[in-house]
Amino acid sequence: MAETLDPVIHQQTRLQIISALYRNGRASFTDLRDGLGLTAGNLASHVGRLEASGYVRSRRRLSMAGQEVHYVITSTGVQAFDAYTQGLQQLIASATAGLPRKQ
Amino acid sequence: MSSEPGFSAGDAAEAIGRASAFTVPAQRRAEGVTILVWGLISTIILLLNVMFSDLYGFMHRGGWREAVAGWYWAPLALLGVMATIAVWRIAEVSAHVPAGRRRSWKFLVSAAVAMAGLTVLLLIGTPVAQAGFAVASVGLIWLVIGIFDLTHATPTGRRSILLVGTAIVLAGVIYGLMIGGNNDLGWRYFSRVATPVAGGVPTLVGLWQALRS
Numbered sequence: 001m002a003e004t005l006d007p008v009i010h011q012q013t014r015l016q017i018i019s020a021l022y023r024n025g026r027a028s029f030t031d032l033r034d035g036l037g038l039t040a041g042n043l044a045s046h047v048g049r050l051e052a053s054g055y056v057r058s059r060r061r062l063s064m065a066g067q068e069v070h071y072v073i074t075s076t077g078v079q080a081f082d083a084y085t086q087g088l089q090q091l092i093a094s095a096t097a098g099l100p101r102k103q
Numbered sequence: 001m002s003s004e005p006g007f008s009a010g011d012a013a014e015a016i017g018r019a020s021a022f023t024v025p026a027q028r029r030a031e032g033v034t035i036l037v038w039g040l041i042s043t044i045i046l047l048l049n050v051m052f053s054d055l056y057g058f059m060h061r062g063g064w065r066e067a068v069a070g071w072y073w074a075p076l077a078l079l080g081v082m083a084t085i086a087v088w089r090i091a092e093v094s095a096h097v098p099a100g101r102r103r104s105w106k107f108l109v110s111a112a113v114a115m116a117g118l119t120v121l122l123l124i125g126t127p128v129a130q131a132g133f134a135v136a137s138v139g140l141i142w143l144v145i146g147i148f149d150l151t152h153a154t155p156t157g158r159r160s161i162l163l164v165g166t167a168i169v170l171a172g173v174i175y176g177l178m179i180g181g182n183n184d185l186g187w188r189y190f191s192r193v194a195t196p197v198a199g200g201v202p203t204l205v206g207l208w209q210a211l212r213s
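Chains as they are written, first to last, in this note's numbering: chain V, 1 to 103; chain F, 1 to 213.
For reference, chain F alone in the conformation it holds in the complex (with noise of 0.2 Å):
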């Protein structure tokens, strides 16, 4: 098994210009590190929604504070998309992607996918269990995400969005059985039971794939 006579530099060549496409490894790694900034932006989203509900009462207060606690998560969601991106095109750039296949923008489809999910529940509120509802809903757009593959992601990329998606809906169900019809009680609790699941879950999830890969 030594070098192979007719062997040519030009052959040497294309071989290694045949295994730059491999790319993989930087994909998931890339994939991992996006997970983890939406476990972030969904962490940072959900103690500020502490602070502004549970802590100061923000919310109840109407007017324009109203308003800015109803959007106050749409900056912090850009900033996810931006930062998406960035990363999408760092990966893309360093494993010399042509420009025409960038896939860097089908981020931005989930994005909206995800904020329009988001709208809809909040103009056709929730059933009965609205924490838990509320909860499981993150996840379901996790699924929506990996079961259409709308990030076009590598086979273990894709098994991570699902996990993710699996485990906040059940958490979700599971909260929204637990505390039955009393919204009250759903609510006092729900920043304590999202954080670390809708959060928690997802930063985990990708810290361990982006390492791992």
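Chain V on its own, in the form it takes in the complex (with noise of 0.2 Å):
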């Protein structure tokens, strides 16, 4: 199945960050860390990796906490979670194709 899916996105903690980011837009590195209850240094290899494929930047900004890094989606981004959404639906929808549906 992985074959099918973006790589770089379907991984647990990978889908899990561009999930969030897809959703608000842009979070902090601090916010993602604990809204998402990963380790420093997961979040970092993680996010790094998306950052490298074009899916995510990041930036440093001043907010009420002081300065943080901010991850923003790309266009990419959001162009390569919606493929990889789609191409989830299509598997469950193949994988549950010809079974008896309940009444």
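Read the hints as simulated data drawn from the structure, not as lab findings. The beta carbon of each residue, even a glycine, is placed where N, CA and C say it ideally should be. Do not take every clue at face value.
As the list claims (entries may be wrong) - If you want the footprint, here are the derived chain F segments under chain V, 3+ residues with CB under 8 Å:
#, region
1, 6-15
2, 22-36
Claimed, not checked - Listed next, the stretches of chain V that the computed footprint assigns to chain F, with coverage defined by at least 3 CB atoms under 8 Å from CB atoms of chain F:
#, region
3, 12-18
4, 23-32
5, 84-98
What the hints assert, rightly or not - Facing chain V, a subset of chain F residues (Cβ under 10 Å, in silico):
#, residue
6, Arg18
7, Ala19
8, Thr154
9, Thr156
10, Trp208
11, Gln209
12, Arg212
13, Ser213
Using the hints, put the two chains back together into the complex; each one sits in its own frame.
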């Protein structure tokens, strides 16, 4: 199954990160770490992979909590996530095709 | 660090579902807009105060005019409450928060506390430096909301509320000390001090939080 889906996105932590960014547009490092229950190192390495693929870009911003690194989903990232969820739906649809439906 | 072997479509759907609970940035933006709304409402109230009292002497003509002048802020405050609830409903609906877990009603509690605070201040009157105390009392309402976390704000939102409250209280106290016991002088310059402080500070802080979150 993994061959048909984007391998950069098809990984639990990266999928959670890109889903969160897709929904919110952008988020700070601290919010992502706390909100998704990740360690700083784990988040940094996975978000780095998304950034290297051009799905996410980072920028340092001054906010109410001081200087923070914020991650923003790029248009490439949005397209990749849309394609991934479509692929996922097709996989689920093909896996359940022909199964008897409950009335 | 490629895709995980054994990571199924079901696992992927579950991961996407878990990430959908991550709504902190949306909450923060909604909080920023809420603070901004109350900053604008405060500015309008204070500017109308200038119009009613300083320009036309409307408040001092007695009868129905005095009653109108005493309560003109109430519909504006109600407008603020409605705008607040609307902003939070939009934020909660877009974040797919289930109806039972929505917290927009908590702003009604905050608004009721703010109204009660203002009413008590109107009933008991103010200490010597009336105008300074009036400015500081607006800040006290912000501080009460922030200290007791009446809006269940995010840490950033709570910091913004406390920052706004502290700035207004400090400005009110400084103004009160500057005018001493001279109430006439204090009220004459009240709007000029209160509008940028009680209206401008929350407007700017709210705008900042809404745009930077």
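A quick look at each hint next to the structure:
| no. | hint | in the structure |
| --- | --- | --- |
| 1 | 6-15 | holds (count 7) |
| 2 | 22-36 | holds (count 5) |
| 3 | 12-18 | holds (count 4) |
| 4 | 23-32 | holds (count 8) |
| 5 | 84-98 | holds (count 5) |
| 6 | Arg18 | holds, 6 Å |
| 7 | Ala19 | holds, 4 Å |
| 8 | Thr154 | holds, 9 Å |
| 9 | Thr156 | holds, 5 Å |
| 10 | Trp208 | holds, 7 Å |
| 11 | Gln209 | holds, 6 Å |
| 12 | Arg212 | holds, 5 Å |
| 13 | Ser213 | holds, 7 Å |
Checked against the numbered hints listed earlier, the structure breaks none of them; every hint is satisfied.
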